[in-house]
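Protein chains: 4
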Amino acid sequence: MLPAPPKTTFASDNASGVSPEVLEALVAANEGYSIAYGADGLTEELRSEMNTLFGKEVSTFLAWGGTGANVVALQSLIQPWQGVICTQSSHINVDECGAPERFLGSKLIDLPSPDAKLTPDLVTAQLDVLGVVHHVQPGAISVTQSTEYGTVYSVKELQTVIAAAHAGGLRVHMDGARVANAAASLGCSVADFTCAVGVDVLSFGGTKNGMAYGEAIIVFDPELATAVEYLQKQSAQLPSKMRYISAQFSALLKNDLWLVQARHANAMAQLLADGVAGISKVQITQPVQANAVFVTLPPESISKLQAWSPFYTWERENEVRWMTSFATQESDVRTFLEGVHAIVNG
Amino acid sequence: MLPAPPKTTFASDNASGVSPEVLEALVAANEGYSIAYGADGLTEELRSEMNTLFGKEVSTFLAWGGTGANVVALQSLIQPWQGVICTQSSHINVDECGAPERFLGSKLIDLPSPDAKLTPDLVTAQLDVLGVVHHVQPGAISVTQSTEYGTVYSVKELQTVIAAAHAGGLRVHMDGARVANAAASLGCSVADFTCAVGVDVLSFGGTKNGMAYGEAIIVFDPELATAVEYLQKQSAQLPSKMRYISAQFSALLKNDLWLVQARHANAMAQLLADGVAGISKVQITQPVQANAVFVTLPPESISKLQAWSPFYTWERENEVRWMTSFATQESDVRTFLEGVHAIVNG
Amino acid sequence: MLPAPPKTTFASDNASGVSPEVLEALVAANEGYSIAYGADGLTEELRSEMNTLFGKEVSTFLAWGGTGANVVALQSLIQPWQGVICTQSSHINVDECGAPERFLGSKLIDLPSPDAKLTPDLVTAQLDVLGVVHHVQPGAISVTQSTEYGTVYSVKELQTVIAAAHAGGLRVHMDGARVANAAASLGCSVADFTCAVGVDVLSFGGTKNGMAYGEAIIVFDPELATAVEYLQKQSAQLPSKMRYISAQFSALLKNDLWLVQARHANAMAQLLADGVAGISKVQITQPVQANAVFVTLPPESISKLQAWSPFYTWERENEVRWMTSFATQESDVRTFLEGVHAIVNG
Amino acid sequence: MLPAPPKTTFASDNASGVSPEVLEALVAANEGYSIAYGADGLTEELRSEMNTLFGKEVSTFLAWGGTGANVVALQSLIQPWQGVICTQSSHINVDECGAPERFLGSKLIDLPSPDAKLTPDLVTAQLDVLGVVHHVQPGAISVTQSTEYGTVYSVKELQTVIAAAHAGGLRVHMDGARVANAAASLGCSVADFTCAVGVDVLSFGGTKNGMAYGEAIIVFDPELATAVEYLQKQSAQLPSKMRYISAQFSALLKNDLWLVQARHANAMAQLLADGVAGISKVQITQPVQANAVFVTLPPESISKLQAWSPFYTWERENEVRWMTSFATQESDVRTFLEGVHAIVNG
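Residue numbers (the working numbering), protein chains in the order written: chain A, 1 to 346; chain B, 1001 to 1346; chain C, 2001 to 2346; chain D, 3001 to 3346.
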């Protein structure tokens, strides 16, 4: 028999709410007045904290959401007649309703990748069109860290793929909607796998890690930073009452809460993966390195399980995606596993 | 001698924080999980409340900010080869860094207007290019209510300007970043000066009236509504954790808080206007019908006054803008008036 | 030993000049004055001739070049938030430097196809995202006839793929840069494989079939036609002295010259294909159904052959493309075959 | 009584045909084959001739039409978040159906000017928004030479307006659809009022001065030139059989035919202006410095005169525009003057 469904959902990490410390900071920011669009003390503080986090002076811009952060970041990297190399399963390619093509006025050069990672070979194979006027000119690569398949680039993997990009004169964007989960997974500093390996602009996610809204655009190359605020405004991604985003981000950075929460989410994914490992009808389809578990299920069990506790099917046949977050409890995982057992083997 | 500056600023209504009821609702929304992008109960409730407010079934969409709401709304109204008639001082024309032109890929047909209102004559004069392939084809008008100059269209004025637009087959957008101040000023239902007079799409402002973030796009013509959610997503204006915006808006609508707050802001502007009426060196340049006071000041006093309490200079020589909000206190107005007296006459 | 290279090139059909009848018509059009942008008698005549050709009233628009005709045609078919399904090897996808993405502000949904043809299955597999706001919504398909691989859709093939498109509510564009070669190949009326099977808009090529410049956009659905002239003008594809394009097209249509020339080009491709069929080191990689021959060559012979007579390498390893045109002479084919023999077997 | 109408029209210089030498060159270019997109000998020759014309190495690109040349040129000059300062009556602002806004994704900052010229004061007044993120950032100015009102900037006027632009870091575009008429009017070298005074990119018109089609984009700053061919291709402005445009341009440059023809057109405008000077009911409204005559006519005579020989009304009340070209004959002018006399005084 099926237990009551878990109290959190495995549908997406953006279905979770706001973590208590973050909400408290948002409320605390509501003191007095602040000149809008970033000219406030809380935003100034956050900028300083980001410099500390990355161990160098970086340019920090705050945008509304993930798609907005990505399209502003990408605009800062390429000329209008250049395209962006990414994987076919990347969020910018499949989950943003064509926003990148609309904002860039150009093509995403989307490449098939079994683990949602770009490789040096994939990138290099695109460079032979450089200089040929008929073809979209690759101008940047976009890597997602952790990826849309819940995998994580190692520092070495990033170094080699970025080296391939640099060999063609390409710029590098990292979609870090789940950068916290990657940092937690790799156990190194976020600088180690961003600015230190040649990332030019990072979309630093907040929403999927316990904020109500808000993403940061971290620009490592000061020459690129000049354009960003104009691109934000023109792209409708310059929040007016910015202090409420800054306060949330600062709460995440304080005492490494962003890592604590991401480590927890990753651990919950691992627990879930371990739990299904013993169910022969459930096959894990991707290495579980962050906060996602991809599995194939017996086809007849998918909709039954979804009706009990919602989640999404994915690209391959009978494949589904389960996401964990800061809010996922061990008891949720155990309950969910019970449900899977009951339905798959029932 | 100058008193201590007021505790709120007259620089902009978006410099104010979040009103207590709204913040409380945002916090209360943080319960359990919600599927993202609007498939949550709070958003469903808000949609129902908006239907009640407008006395008919409307399509309610929630966007991040004012520029975002405007560019999505305008995209829903025109073909890519059409332009939008607006005034030269309209927010879409001067304060959005070209976002409308970028999202629309077309021209704003911006017309000079002394009181920031479109008139039937202004609109009609643009219609003779209809059908001439060389010229941008007017496809819609955009009226701001209350206007960027703090004036308010009467219902009659809207009827006549919209009739002129309809005569040319044009659609009608209302930029209602301060629609609450207009409703408070007119003393009629918001439906009376929107759907009842032929507005097709309304940008319904939340941020400037005490929300942390969030604007609604109210679509009155169901045929237009189909495209809006796609336009939102493609324009990076589809919030993921939408419940936090919905909760804030519902708090505003509850017990007419949105009107109570707007009435207060308008009253504070009137108090300020009354207070400067007796200062001969200060000339009020626009009728004070909402929450803005435009005045000319002796040039040498402007920067002195700004250094004491910040505000912006405006378009005409020696003209400045003072805005009030829900957070402006009578004591702030009185203190500010003291400062004006002291500096202008000092 | 190598003979002298052929007098025409097999590099591309756009390397050929203007056929004598077409040039004569262009010269003859230079009589007196004509109001620009299509309000001239020659353009009026061409419109009438196109109606005759298609056996119904069609809307004929004249654009500068093939990319221009395609981007105007596609804009007339989709909403800004919709995408266009095409093959990965389609001209719009690989040979237009991102022009479609720029003009449409949206995505090409480019699918792998071994023979450069869309199939019902390829189209149908894309329709499950309809209604899901996160994904680009397929709004049209674009088929190329004859294809970029020199293959030709049968009428039956077009019917089935268009039926699949219609099942999802999608519109249909045909890139007919080489529509004449397809008509010559199929031996039926051009109407039979365009308007009769549900094509909405056809890019009707002139340049590759003996014109100096100029392509027609044939719109079969009168409702779609209204927007086209505005889209042309806004897309910088409305020629001023249009009579010179109209005169060239009329010359092509007179006495079926367009088909006579295309039949000749196709026959020359067949002759070339027959000639290499006996060379064991040369493998034909695509059915030769129009005016292109795709072969693989021994790698070491490719650059030697190109140095003698230019042509382009293609997508697969050691694959090259040879194009014929109205200007290709039998003697050119025989000379070229001698060169291939000499270098490949030499 | 009215005479038979003139054999040429005063409606527009683009209503004229192709001058004999140019047509002959187009025909002569039809020899053998040429690799497309500019890799041909005739284009190479033209590039060399342009270097000679400007007395320095310039980058010459060939586009289809005037709007196309302008939008490519402007794209090469500004960032996507920048706008272009121009006059309200400029061709890019009123006669291109929003093409500049569409290709640039940004705003034209269009300023009122009684003689269609930008002035230093007009430009300087726009520079105070530089650095303010809410406002479109001026990135370039566009001057038209000769202007849309038939006036001509003196070298001195260009120097001062360009100095004002440079003071704000702005780039400079010249729309030279009628650059020949300006050169003929000023009596100096074309270099003297383009590269020598700081123009960065020139749209060099061919069509209005006796070509069938084709405009050149002359880029004076080598750093800007890199992007142009990609922008052309992506903007659907890269002609395939380019040799036919190159041949026409070379014919124009040979023996200064372009100037000979422009001088003739200017002289015909002067003859026309002199002829109407004595008709009291006809008022010349702009200095006649190139090939246009703007006059006001008694309102009742306008449509009568248009019915006899076509021309366009213009912006001011009862104002009309008469254009001359290389093809205008003295007898046409005399006949037209007879008609004006007869109808205006009749």
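Keep in mind that the hints are not guaranteed to be accurate.
As the list claims (entries may be wrong) - Calculated pairs, EDC-like style, for lysine to aspartate or glutamate (alpha carbon to alpha carbon, straight line, at most 16 Å):
(1) 156/A - 128/A
(2) 2281/C - 2330/C
(3) 7/A - 1256/B
(4) 281/A - 300/A
(5) 156/A - 121/A
(6) 3007/D - 2024/C
(7) 304/A - 315/A
(8) 1007/B - 300/A
(9) 2007/C - 3115/D
(10) 56/A - 192/A
(11) 281/A - 229/A
(12) 304/A - 338/A
Unchecked claim - Okay, the calculated bits of chain B under chain A, using three or more residues with CB under 8 Å as the criterion:
(13) 1015-1027
(14) 1098-1111
(15) 1138-1146
(16) 1237-1244
Calculated from the structure, these hints are not laboratory results.
Note that CB positions come from ideal geometry on N, CA and C, so glycine has one too.
For this session: Hints the structure violates: just list their numbers, smallest first.
Result: Checked against the structure, the hints that fail are numbers 1, 2, 3, 6, 7, 8, 9, 11 and 15, while the rest are satisfied.
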